[in-house]
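Asker: Residue numbers (my numbering), protein chains in the order written: chain A, 1 to 166; chain B, 1001 to 1355.
The set of hints was computed from the structure by calculation and includes no laboratory data. Every residue gets a Cβ at the ideal spot worked out from N, C-alpha and C, and that includes glycine. Hints may be right or wrong, so weigh each one.
To be verified - Stretch-level coverage of chain B by chain A, calculated; a stretch enters the list once three of its residues show a Cβ under 8 angstroms from a Cβ in chain A:
1) 1129 to 1135
2) 1138 to 1146
3) 1175 to 1188
4) 1198 to 1208
5) 1229 to 1242
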Amino acid sequence: MDKLINDFSFGLFFWQILLFVGLLLLLRKFAWKPILEAVNNREEGIKNALESAESARKEMQNLQADNERILNEARAERDGMLKEAKQLKENIIADAKAEAQTEADKIVAQAQATIESEKKAAIADLKSQVAGISVEIAEKVVRKELDNKDKQLELVESMLGDVTLN
Amino acid sequence: MQNRTVVRILLIFALVFTTANLSAKESEKEGNGDLKTEIKEFIDHHLQDSHDFTLFSDKEANKHYGFPLPVILWDNGVKVFSSSKFHHGETVAEVDGNFYKLYHSKIYKTDAAGTINYDDHHHATNAKPLDFSITKNVVSMLLIGLLMFFMFSRLAKSYKKNNGIPTGVGRFLEPLVLFVRDDIAIPNIGEKKYKKYMSFLLTTFFFIWLLNLLGMTPLAVNVTGNIAVTLGLALLTFLITNFTANKNYWGHIFWMPGVPTFMKIVLAPIELLGIFIKPFSLMIRLYANMTAGHVVLMSIVGLIFIFKSWIGSPLSFGLAFALSILELLVAALQAYIFTMLSALYFGMANEEAHH
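Bound conformation, chain A alone (with noise of 0.2 angstroms):
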């Protein structure tokens, strides 16, 4: 301790405080403050942009689930389309189908109907074609019968033996 107290220089400590405050005051205004300013700007703007890195690869991310979403949607709106689509197909031809058969069952029985009317129209031209024959017949087997009045008869009746009525 007495070593200590001697070795102590006052000019020393004297020099030693002056030097080290007017260095500290000096490197903080030349250096220290720049220094870790520069560092702090330098941490904050890799700080950022590892954000802004994260948000956009979220956004991004968003974006593929937006995109996959609007793909699916876009395929389940397709099916479905297609679907309507098939169904539609199957109904105009079932009706297509239905209308045919009623406007062929029309077709049929308008048919028939004429050729009910046909064939009755046939018979009742027969028939007098029929009556008219027959007068006919009855004109001449009379004219020649006429003088004989049992041949006539005989004519007759074996004329009307042959036609037969239908």
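Following the hints, complete the assembly by docking chain B onto the known chain A.
Answerer: Showing chain B alone in chain A's frame:
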């Protein structure tokens, strides 16, 4: 970059051992007993501050190589003169009718003949004028200060030029600055309040470290092993701690919360003493570590010349080499410890109540 650092370290070692050689040449032709006292004196002289910057001396021709430094005395007015007037303590310097003599690195006021009076303990009793000389240590601190200013202001400028990225030496310095911030200041003081202490912590760390390293060079300066310098540094830590302390800190000293009243009264003086012991330990730790390092290293270097044998000298050389490496580590370690503990004290002064 790494290779260069290695080369630099080797260069420093080479220089250290060259000085050792120079000191040996001074006393080669003297007897072995004389050599021992000579080495002891050399070490003593090296540990102390000096009024001139002597690089080496040639005792035989009684020549000193170096340069004188200005002496500034306060003795009823400022007296400024060159230390060359003392002729390394051999002559009395006469300034304005006053006579001064250099004795054991201190300046005493004497008569024209340069008589030094002693007391019973062989201490000089002559009057000592207030000595504000620019000594070797002051010059060393000035050089380190300039170096630091040059290095770090350049680093600061390089950020502006290079878009926030350091260039050149800055790439080596920036991690050190960040080390002080991230491993010393923030863990000890806390994220919120560390900023106002950064200037002091950074300046202290680099100042002590560079001066420690300068002590390892053959310039043979021992600034951080000087009690006045470590007192100055510790005093600043003490002042900053106590002037920035909050209520909680003083509460813990004078009225310790959470203990019985009787204990509060007992603890107060102990805690009060602690305020002074903390910086005092800082002062002694740095002083003792650096001084001891220098003494041991120089003694072992001295052994090389005492042994003068094929076994002893290489052995001492190896030991000195290993110790030099250790001292390089100690240089950084002591700077770290001083800064770390300062930060710890600042942290204590800023601790918030958590009871």
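Asker: All hints, please: hold or fail.
Answerer: Evaluation of the provided hints:
For a cut-off of 8 angstroms, the count of residues in the stretch 1129 to 1135 of chain B with a CB near a CB of chain A stands at 6, and the three-residue condition holds. Coverage of a stretch by a chain is defined here by at least three residues with a beta carbon nearer than 8 angstroms to that chain's beta carbons; for the stretch 1138 to 1146 of chain B and chain A the count is 4, and the condition holds. Chain A is given as covering the stretch 1175 to 1188 of chain B, and this holds because 3 residues of the stretch bring a CB closer than 8 angstroms to a CB of that chain, at least three being needed. Here's how the stretch 1198 to 1208 of chain B fares: 6 of its residues keep a CB closer than 8 angstroms to some CB of chain A, so the rule of at least three is met and the hint holds.
Evaluation of the coverage hint for the stretch 1229 to 1242 of chain B: fulfilled, as 6 residues show C-beta separations to chain A shorter than 8 angstroms, against a requirement of three.
In this structure, none of the earlier numbered hints is contradicted; all agree with it.
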